[in-house]
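Undergrad: Residues per chain are reported as follows:
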Amino acid sequence: MAGKSNEERLEEILATCLEELFKEAGLVAQRVSGEHEPLNLRESLTAFCGFGSTDFRASITVLGSADLFSRLHPLPATVTPRDLADWACEFVNQTVGRYRNRLLAYNVSLALGVPQSALAENVRLSSSLRNSHNPIRFSIDGVMLDVWLELNIRPGFQLADNPADERAGALREGSLLFF
Amino acid sequence: MGSKTVLIVDDSLTVRQQVSLTLKAAGYNIIEACNGREGIEVVRSGAPIAMVICDVNMPVANGLEFLETIKGDAPAPPVPVVMLTTDGSPELIARAKRAGAKGWIVKPFQSDLLLSAVRRIAGEAGL
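Here the protein sequences come in this chain order: U and P. Mapped onto our numbering, the consecutive letters of the first sequence carry residue numbers 1 to 179. Mapped onto our numbering, the consecutive letters of the second sequence carry residue numbers 1 to 127.
Worth double-checking, as some hints may not be accurate.
Claimed, not checked - Restraint ranges, calculated between C-beta atoms of paired labels, are given here: (1) Arg95(P) - Ala15(U): 49 to 55 Å; (2) Ala26(P) - Arg57(U): 38 to 44 Å; (3) Thr80(U) - Gly72(P): 37 to 43 Å; (4) Asp141(U) - Gln110(P): 22 to 28 Å; (5) Arg42(U) - Ser116(P): 41 to 47 Å; (6) Leu113(P) - Ala164(U): 25 to 31 Å.
What the hints assert, rightly or not - Sample of chain P residues at the chain U side, in silico, Cβ under 10 Å: (7) Gln18; (8) Asn29; (9) Val82; (10) Leu113.
As the list claims (entries may be wrong) - Chain P side only, calculated, beta carbon under 10 Å to chain U, not exhaustive: (11) Leu13; (12) Leu21; (13) Asn57; (14) Ser89; (15) Glu91; (16) Ala96; (17) Gln110.
Hint data in this document are derived by calculation from the structure and do not stem from the laboratory. Each residue gets a CB set at the ideal place from its N, CA and C atoms; glycine is no exception.
Chain U with its partners taken away, still in its complex shape:
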């Protein structure tokens, strides 16, 4: 990640978190590079979660088709529209939680908000802070999912060059610890 900006590096770490989540869900997701046209989706879902640290405040917004969220759902045989909206929130929650765990190794401690979701139609994600419109895009069996990371970083902040060993002691996803 040498030579990359804080924003680019933070986005790369988020993309890695998403790749891990897809893999654990048994899905083959490919990162789509290049400039993206907005997704032209009807009956889609969007979910959002804000979070922050002493060095930046940020949010993650996920946008995808209802069909895709249905495929990501851990109990796909039982889903209703209400289930999908709830699952979109939980998907963002698990994404942000994993992101928080990864950033601990960079000495960044995030406080998380509570995710929200909404039905969406013809939504285009864009940034109020950056002059660009290029979300992180994944193709899952040819179906696209967009993830937008909005960052407002404190001037002078510099993300550590390398993570500390084993995420500074964060417990790994799927782990169980008895006290």
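Put chain P on the given structure of chain U with help from the hints.
TA: This is chain P only, laid out in the frame that chain U set:
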């Protein structure tokens, strides 16, 4: 085993369904609560709960507030609680341990892992 009841406190319907399906299949009874405050009300109602599985990041009252409140309420050893959360930070884990939690699971979870935790903790509860 079948008479034991587990309280699930999580704002996510999906997670409550996942946990509930796993535990019902193993013979447990389930009570659900959508946030920490609802969870506190269930515990204070005197329902015969063998253990609680509780999220951390929730609206109204979060999981650590739930844990600290029921610990403060209890004249006797409080109902055992295992936290089920996306968060793996040592700081929060230490806070939960101080407040009396019996365990910590980081989502996403495997059903067999969850069931092993419930069997160990609910088995110790003696209800």
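Undergrad: Using the beta carbons of Arg95(P) and Ala15(U), state whether their distance is inside 49 to 55 Å or not.
TA: violated, 31 Å
Undergrad: Does Leu13(P) hold up as a contact with chain U if the rule is Cβ-Cβ below 10 Å?
TA: holds, 4 Å
Undergrad: Should the hint that Gln18(P) touches chain U count as held when the rule is a Cβ pair under 10 Å?
TA: holds, 6 Å
Undergrad: Do the numbers back the hint for Glu91(P), that is, is its least Cβ distance to chain U under 10 Å?
TA: holds, 8 Å
Undergrad: Against chain U, run the beta carbon of Asn29(P) and see if the smallest gap drops under 10 Å.
TA: violated, 20 Å
Undergrad: At the C-beta level, are Ala26(P) and Arg57(U) separated by a distance inside 38 to 44 Å?
TA: holds, 43 Å
Undergrad: Hint validation: Ser89(P) versus chain U, beta carbon distance must be below 10 Å. Holds or violated?
TA: Since chain U brings a Cβ to about 6 Å from Ser89(P), closer than 10 Å, the hint holds.
Undergrad: Using the beta carbons of Thr80(U) and Gly72(P), state whether their distance is inside 37 to 43 Å or not.
TA: At roughly 38 Å between Cβ atoms, Gly72(P) and Thr80(U) fall inside 37 to 43 Å, so the hint holds.
Undergrad: Asn57(P) was flagged as interface toward chain U. Is the shortest Cβ-Cβ separation under 10 Å?
TA: holds, 5 Å
Undergrad: Should the interface hint for Ala96(P) be scored as holding, given a Cβ-Cβ cut-off of 10 Å against chain U?
TA: With a closest approach of 8 Å, the Ala96(P) hint holds.
Undergrad: Holds or violated: Gln110(P) as interface residue toward chain U, Cβ cutoff 10 Å?
TA: Holds: closest Cβ of chain U sits about 6 Å from Gln110(P), inside 10 Å.
Undergrad: Holds or violated: is there a CB of chain U closer than 10 Å to the CB of Leu21(P)?
TA: holds, 7 Å
Hints 1 and 8 from the list above are not met by this structure, while the remaining hints are.
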